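> Listed below are the residues making up each chain.
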Amino acid sequence: MKTDRLLPYFLILPTIIYLLIFVFAPLSKAVGLAFLTDEGRFTLGYFERMFSDGRFLEALKYTFLLTITIVPLQLITALLIALLINTRFKGSQLFLYICALPLGIADLAAGLILLSIFTQHGHLNSILYHLGFIEKPFYFISYQHMGFVFLSIVLAEHWRATAIVLVILVAGLQMISKDLLEAADVLGAKPWQKLWHVILPLLKPSLQSALIIRTIFALQMFAVVLALGGEIIPVLAGEAYFWYYIYRNNHISAAYALLLMVISILMTWIYLRFLRTRSEMRA
Amino acid sequence: MIERGSRRKALIYLAALMVALWVLVPILLIGLAAFSPKDEVYRWPKSIIPSHFSLETMEFFLRSYGVIPSLLNSIWVALLTLVLTLIIGAPAGYAVARFLFRGRESFRLGILLTRMFPTALLAIPLTTTFIRWGLYDTLFGVAFIHTAMALPFAVIIATGIFIGVPKELEEAAMVMGCSRLGAFMRVALPLALPGLAAVAMFTFVISWNEVFAAGILTVHNRTLPAHILTTLQASPLYFRFAGGFFMVIPALIFMFFIRRYLLHMWGATAER
Chain A
1 MKTDRLLPYF
11 LILPTIIYLL
21 IFVFAPLSKA
31 VGLAFLTDEG
41 RFTLGYFERM
51 FSDGRFLEAL
61 KYTFLLTITI
71 VPLQLITALL
81 IALLINTRFK
91 GSQLFLYICA
101 LPLGIADLAA
111 GLILLSIFTQ
121 HGHLNSILYH
131 LGFIEKPFYF
141 ISYQHMGFVF
151 LSIVLAEHWR
161 ATAIVLVILV
171 AGLQMISKDL
181 LEAADVLGAK
191 PWQKLWHVIL
201 PLLKPSLQSA
211 LIIRTIFALQ
221 MFAVVLALGG
231 EIIPVLAGEA
241 YFWYYIYRNN
251 HISAAYALLL
261 MVISILMTWI
271 YLRFLRTRSE
281 MRA
Chain B
1001 MIERGSRRKA
1011 LIYLAALMVA
1021 LWVLVPILLI
1031 GLAAFSPKDE
1041 VYRWPKSIIP
1051 SHFSLETMEF
1061 FLRSYGVIPS
1071 LLNSIWVALL
1081 TLVLTLIIGA
1091 PAGYAVARFL
1101 FRGRESFRLG
1111 ILLTRMFPTA
1121 LLAIPLTTTF
1131 IRWGLYDTLF
1141 GVAFIHTAMA
1151 LPFAVIIATG
1161 IFIGVPKELE
1171 EAAMVMGCSR
1181 LGAFMRVALP
1191 LALPGLAAVA
1201 MFTFVISWNE
1211 VFAAGILTVH
1221 NRTLPAHILT
1231 TLQASPLYFR
1241 FAGGFFMVIP
1251 ALIFMFFIRR
1261 YLLHMWGATA
1271 ER
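As given, the protein sequences belong to chains A and B, one line each in that order. Numbered per this note's numbering, the first sequence spans residues 1 to 283. Numbered per this note's numbering, the second sequence spans residues 1001 to 1272.
Derived by calculation from the structure, the hints in this document are not laboratory data. Keep in mind that the hints are not guaranteed to be accurate.
Simulated DEER-style distance windows between Cβ atoms [said to hold, decoys possible]:
# : chain 1 : residue 1 : chain 2 : residue 2 : range
1 : B       : Gly-1005  : A       : Gln-174   : 49 to 59 Å
2 : B       : Ile-1087  : A       : Lys-61    : 38 to 48 Å
3 : B       : Asp-1039  : A       : Asp-38    : 30 to 40 Å
4 : B       : Gly-1103  : A       : Val-31    : 18 to 28 Å
5 : A       : Tyr-143   : B       : Leu-1191  : 53 to 63 Å
6 : B       : Glu-1171  : A       : Asp-38    : 57 to 67 Å
7 : B       : Met-1058  : A       : Gln-144   : 49 to 59 Å
Only pairs whose alpha carbons sit at most 25 Å apart, straight line, appear in this in silico DSS-like list of lysine-lysine [said to hold, decoys possible]:
#  : chain 1 : residue 1 : chain 2 : residue 2
8  : A       : Lys-90    : B       : Lys-1038
9  : A       : Lys-90    : A       : Lys-190
10 : A       : Lys-194   : B       : Lys-1167
11 : A       : Lys-178   : A       : Lys-194
12 : A       : Lys-136   : A       : Lys-204
13 : A       : Lys-204   : A       : Lys-190
14 : A       : Lys-178   : B       : Lys-1009
15 : A       : Lys-204   : A       : Lys-194
16 : B       : Lys-1009  : A       : Lys-190
17 : A       : Lys-136   : B       : Lys-1009
18 : A       : Lys-178   : A       : Lys-204
19 : A       : Lys-178   : A       : Lys-90
20 : A       : Lys-178   : A       : Lys-190
Keep in mind it's a predicted model, so treat the numbers as computed, not measured. Glycine included, C-beta positions come from ideal geometry on N, C-alpha and C.
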């Protein structure tokens, strides 16, 4: 039975080798790019240049602002829709499928879709005109109206990526045992009490996963931002892209990428620390 | 009581309708933009429904320089990614689902960890590596990084799918004289096939949608999203809308096919 003991290792070996070559090797190389000059000397110069770059603070600010606006909004929306699906009304399966549709839609495409709504001669302006609110088109997407550009990005991400949170939460809700909910009913719990004291605590692992996944991806937001207003609103991932694509400086680009990873790990750690699930507490 | 029950029901349906409209209307709007005449985009005031149906915008998009080649590139890259991801990831998923082996939890944890790395962190260092290996600006290069991005998801989801295939069936086949491989090929694989097909489609969509790495690792051999992104500022609005619509189509088709597996797939990611 020796082969049987070794078999699982043979099966996971390709994955391990692949990830070593295409994930962990680039990772260590990125550290090298960010901290070593082309001649191989250690330097903090690339980070200094990144920090002192005129767009850096703006990019950092907007990345954070977008993330802390979008992620909670998605969590609340997804929770409400998940509870709606959980009432198991007739047609709720079709409804779930419709709500999950944006799961397959690219961030770039979502940005372009929202652009068609917010652009100068877009649907929103047309509707406002037909309702008699405006005479001439309003320039939502322009340097003069950063707030509207921000809003359109939030709406695009909210529209596109709430689906993944929803699917995770619906799966989580289905794992909650009916007995507990019935027990709560028997004990006379009101719906909001049931939600607050039974459903939400049991949903915590799902909420945590959804939060982590969404935060990591929201921090990397890039194509949506570019599609809606180009460089009007800078973000960290966008800066990493431009430093490579336009200025051909992969050192500073790598510094941005590393910073993004540090923030991602920090946020994940915070979620794991402050949203501990019960099994982790025991351990 | 009956009155209250039906009122509650009506409220539920109303809420569901609102949400469904919120999801569907933007897709409909981009579809309308893609199938209305080119100058409709700039018309003011615009009517909500375009004046007439027209293929002009789509035709312009498809005839624009670089669109068809990038479209074919996208399909090739996505197919390559799909094949690579399944060949590499499915066995790992099977191993995690079937065997209790030392290091299994570390392996699962490591897989989850790789999802935390930003795409930029992989793509930027890989440019120099790929130039050295002759993979820069090739479809294989893009497919390799897309595989790296899809693999963790594929392993996790495949694990969930193989857990759903009863172990006893395979054991029965082996008792009846099948080899381990034979039992897998004849019993486990056919049962897991629909689920694996869902993984494959999901992988295809990940690759089809990815734009950062594809944009950085190519110059001439762009995928469709990379092509749209790099020509974004220079292209007319109707080109962008047609492009946006075009990118959405496969997503809609695939979502239809994998709808049964949605909860299965994403439920698995929550069981960390």
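> Please go over all the hints and tell whether each is borne out by the structure.
Comparing the hints with the structure gives:
1. Gly-1005/B <-> Gln-174/A: 49 to 59 Å: violated (24 Å)
2. Ile-1087/B <-> Lys-61/A: 38 to 48 Å: Since Ile-1087/B and Lys-61/A have Cβ atoms about 44 Å apart, the given range 38 to 48 Å holds.
3. Asp-1039/B <-> Asp-38/A: 30 to 40 Å: At 51 Å between Cβs, range violated.
4. Gly-1103/B <-> Val-31/A: 18 to 28 Å: Holds, at about 26 Å.
5. Tyr-143/A <-> Leu-1191/B: 53 to 63 Å: Between Tyr-143/A and Leu-1191/B, where Cβ atoms are some 58 Å apart, the hint holds.
6. Glu-1171/B <-> Asp-38/A: 57 to 67 Å: Holds, since Glu-1171/B and Asp-38/A (Cβ atoms, about 58 Å apart) stay within the stated range.
7. Met-1058/B <-> Gln-144/A: 49 to 59 Å: Once the Cβ atoms are compared, 33 Å apart, the range 49 to 59 Å for Gln-144/A and Met-1058/B is violated.
8. Lys-90/A <-> Lys-1038/B: Distance ~42 Å between Lys-90/A and Lys-1038/B Cα, so the pair is violated.
9. Lys-90/A <-> Lys-190/A: holds (24 Å)
10. Lys-194/A <-> Lys-1167/B: violated (38 Å)
11. Lys-178/A <-> Lys-194/A: holds (12 Å)
12. Lys-136/A <-> Lys-204/A: Distance ~49 Å between Lys-136/A and Lys-204/A Cα, so the pair is violated.
13. Lys-204/A <-> Lys-190/A: Distance ~20 Å between Lys-204/A and Lys-190/A Cα, so the pair holds.
14. Lys-178/A <-> Lys-1009/B: Answer holds: Lys-178/A to Lys-1009/B is near 21 Å, not above 25 Å.
15. Lys-204/A <-> Lys-194/A: At roughly 14 Å apart (the allowed maximum being 25 Å), Lys-194/A and Lys-204/A satisfy the hint.
16. Lys-1009/B <-> Lys-190/A: holds (18 Å)
17. Lys-136/A <-> Lys-1009/B: violated (43 Å)
18. Lys-178/A <-> Lys-204/A: Distance of about 17 Å is within 25 Å: holds.
19. Lys-178/A <-> Lys-90/A: holds (19 Å)
20. Lys-178/A <-> Lys-190/A: holds (16 Å)
Checked against the numbered hints listed earlier, the structure breaks hints 1, 3, 7, 8, 10, 12 and 17; every other hint is satisfied.
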